[in-house]
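One line per chain: the protein sequences are A and B, in this order. FYI, numbering that gives the first Met the number 0 numbers position 7 of the first sequence as 6, with every residue one higher than the one before it. FYI, numbering that gives the first Met the number 0 numbers position 196 of the second sequence as 195, with every residue one higher than the one before it.
Keep in mind that the hints were calculated from the coordinates and are not lab data. Accuracy of the hints is not assured; some may be wrong.
[Stated by the list, open to error] Calculated cross-link-like contacts (lysine-lysine; reagent style DSS-like; alpha-carbon spacing at most 30 Å): (1) K61(A) to K126(B); (2) K17(A) to K98(B); (3) K61(A) to K17(A); (4) K102(B) to K121(B); (5) K121(B) to K17(A); (6) K17(A) to K128(B); (7) K61(A) to K128(B); (8) K126(B) to K17(A); (9) K102(B) to K17(A); (10) K61(A) to K102(B).
Residues per chain, in single letters:
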Amino acid sequence: MEYNRTEPRRIPLNDLLKAWVFLVVLTVLGYVLSMIHSPALVYVGPLIIAALILFKARIILKSYLGLTRCPAWLSMLTSMIIAITAICAGLLTYVAAGFL
Amino acid sequence: MDELYQNQEEGAQRVYQEPVSPWALENLPGDPMMWILIVSEILVFGGALWAFAGNELLNVEIYREARTHLNVPLATINTIILLTSGLFAAFAVRFGKFKQTGKARLSLLGAGILGVAFMALKIYEYKEKLALGLDVETNTFYTLYYLVTGFHLAHVIFGLIILGIIALWPTEDNLESGTAFWHMVDLIWVIIFPIFYLMGQGL
């Protein structure tokens, strides 16, 4: 590959770094939440974790995979992830709340 | 499309066009077939995760007991390692677009090293479980645990091979397709990790 001298030498990477920081913060937040033993979290805990999954997935799809220029594909993949996590979180809430 | 081909022939940066449909494949990063694979993989893992969650209805006590043996801090560190690996892969694409091949290769090397670190920690985690006598036949929880995380680990190994191949031929298309696979591995772990390790712990 030839190096083109006219192209800028500085590449904006801040958006990727910001995305990574958000991903790490959300991961640590999920870990901290999982350590909290509170009756109040029985019903909403798995749903909070599901919301964190969704935020992280959206960041990966938009920033890492660059799907902002393909909104239909972004929506489809997001919907699939919502369906997977919502069903898992719903089942877990059902069990944790003692409905069985 | 002529403009696109012409630019590819000249080795210039890929030109993104106004898509004819919101579902158009031409503006997706990398090879469209990679996206068919990504959708299929998400569906397969999604089905396995539903099976895991559904089985909890039948094995409430087994799941509760099995979760106490999971190494959540180690899995959290492993998640951060894989996310950082994804960052390096994204850097590689950026450098590739600006024809900075050396930096792109260095970023791929960083992504690969972190991928190997993820693999090493996962194998350590398996050894830890096996030392406790928790193998694939122990109960439904661990059957699905080994099945899903093991299948994911196989994707990590395959992803590392792909990263190696695109490091040898770092064209813009190769970089986009190869790193798309790596990000898919990342994305799937981001879903697996909370469902297996976090949901049902304190929550």
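Those earlier numbered hints the structure runs against, lowest number first: 1, 6, 7 and 8
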